[in-house]
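**Q** For reference, the chains in residue letters:
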Amino acid sequence: MMMLAAIIALAVGTYLIRISGPLLHRRITLSERTEKIVKAGATVVLLALTVVSTVLVDGAWAGWALPAGVLVGGVLAWRRAPLAVVVIAAAATTALLRLAGVA
Amino acid sequence: MLTSLLRHADRALLRDVAALAAGIFVAAISFGAIASAQGVPWWQSSAMSILVFAGASQFATVGIMTTGGGLVAGVAAGLILNLRHVPYGMAVGEVYWTSLRSKLVGSHLLIDQTTAFALAAGDDRRRAKTAFWTVGITLFLVWNTGTVVGALAGQFIADPATLGLDAALPAILLALVVPALRDKSTLAAGVVGSAIALGTSFFLPAGVPVLLALLGLVVMWRRPTERGEATA
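Chains A and B, in that order, are what the protein sequence lines are. Going by our numbering, 32 is the number at position 32 of the first sequence; the sequence numbering is gapless. When you read off a place in the second sequence, starting at 1, and then add 103, the result is the number in our numbering.
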């Protein structure tokens with residue numbers, strides 16, 4: 001019962017959070033420059049999310065294997081490799097490092 | 104809707120979405136399996152995936168609730184994690200902010216990956232729209248299928264970490280923001296923001312540090328945008 005209440009509360013709250021972005025955006029008139037900064041804001045949050053979830057797992061150092069794999073993926077993406085190549089290279093790097101005993 | 108989407112979605116997009124869908128499928132199986140292992144019935148995990156559709160918050164709320172953390176703590180942790188959808192909606196909301204139905208459904212499909220794909224389309228509004236809907240609908244189906252599979256059969260599936268699959272989703276998000284990071288001022292803001300997020304992760308609840316990353320944007324505010332920089 002508690003879990004059901006949690007699911008409904010999380011669902012409603014999350015939906016309200018999701019619609020608030022576009023509603024806020026419409027309330028403020030944006031110049032071309034602030035528009036660019038708003039777009040960059042989402043990029044910055046996504047990058048920070050990637051960095052934090054790659055370096056820390058459950059609040060502690062994730063070990064070398066995970067960041068190394070993601071970094072390999074990032075370098076390939078910078079060199080314009082297709083996404084499938086990025087994903088496979090990242091996962092393979094992390095898996096091989098773990099196989100070799102690197103946490 | 105689907106047929107017109109598929110007509111616009113080129114092969115490169117579909118290939119990228121397939122790679123992403125595979126990663127999300129594995130994450131969804133993990134979610135279903137972990138929830139089941141913690142004693143959550145399959146239909147509740149499933150209801151959560153359908154109604155919430157935000158992976159990290161689902162993991163957090165289930166984790167806290169099933170270890171006796173309580174309703175308020177569980178929901179609060181999930182909602183704080185989801186606050187990052189506010190800047191997402193501000194940045195890419197225009198993509199689906201058209202008809203009422205599009206607004207209602209599009210809002211539910213606003214996640215890290217739909218945002219990243221829409222941003223990666225750059226200034227091409229139609230491409231952004233196609234990418235957002237293709238990714239959103241695909242991932243909604245994959246996330247929910249994976250949740251059921253994981254909840255019912257998760258104990259038979261190998262640990263994703265041994266296959267390095269935990270590196271797949273961050274690598275995809277990183278790859279999708281790379282085009283935007285070629286703009287020097289955005290890159291500077293991203294580096295400063297990530298450093299702030301990382302530094303504050305040790306003492307702030309998950310979800311807050313990535314929002315504090317927005318402080319990195321002051322780098323852009325102070326420096327007037329140079330012409331041509333964005334297209335470089």
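Bear in mind the hints are in silico, worked out from the structure with no lab data behind them. Check each hint, because a few of them may be wrong.
EDC-like, lysine to aspartate or glutamate: derived pairs with alpha carbons at most 20 Å apart [said to hold, decoys possible]:
#, chain 1, residue 1, chain 2, residue 2
1, A, 36, B, 113
2, B, 287, A, 58
3, A, 36, B, 226
What follows is a list of derived Cβ distance ranges for each label pair [unchecked claim]:
#, chain 1, residue 1, chain 2, residue 2, range
4, A, 102, B, 318, 13 to 21 Å
5, B, 121, A, 61, 41 to 49 Å
6, A, 64, B, 227, 32 to 40 Å
7, A, 35, B, 258, 27 to 35 Å
8, B, 113, A, 99, 30 to 38 Å
9, A, 27, B, 201, 33 to 41 Å
10, A, 92, B, 201, 35 to 43 Å
11, A, 81, B, 206, 29 to 37 Å
12, A, 16, B, 318, 36 to 44 Å
13, A, 61, B, 201, 42 to 50 Å
14, A, 101, B, 229, 46 to 54 Å
15, B, 144, A, 12, 28 to 36 Å
Stretch by stretch, here's where chain A covers chain B in the computed footprint (C-beta under 8 Å, at least three residues) [stated by the list, open to error]:
#, region
16, 112 to 125
17, 128 to 136
18, 232 to 242
19, 253 to 267
20, 296 to 306
For glycine and all other residues, C-beta sits at the position ideal for the given N, C-alpha and C.
**Q** For this structure, which hints from the list above don't hold up?
**A** 1, 2, 4, 5, 7, 9, 12, 15, 17, 18
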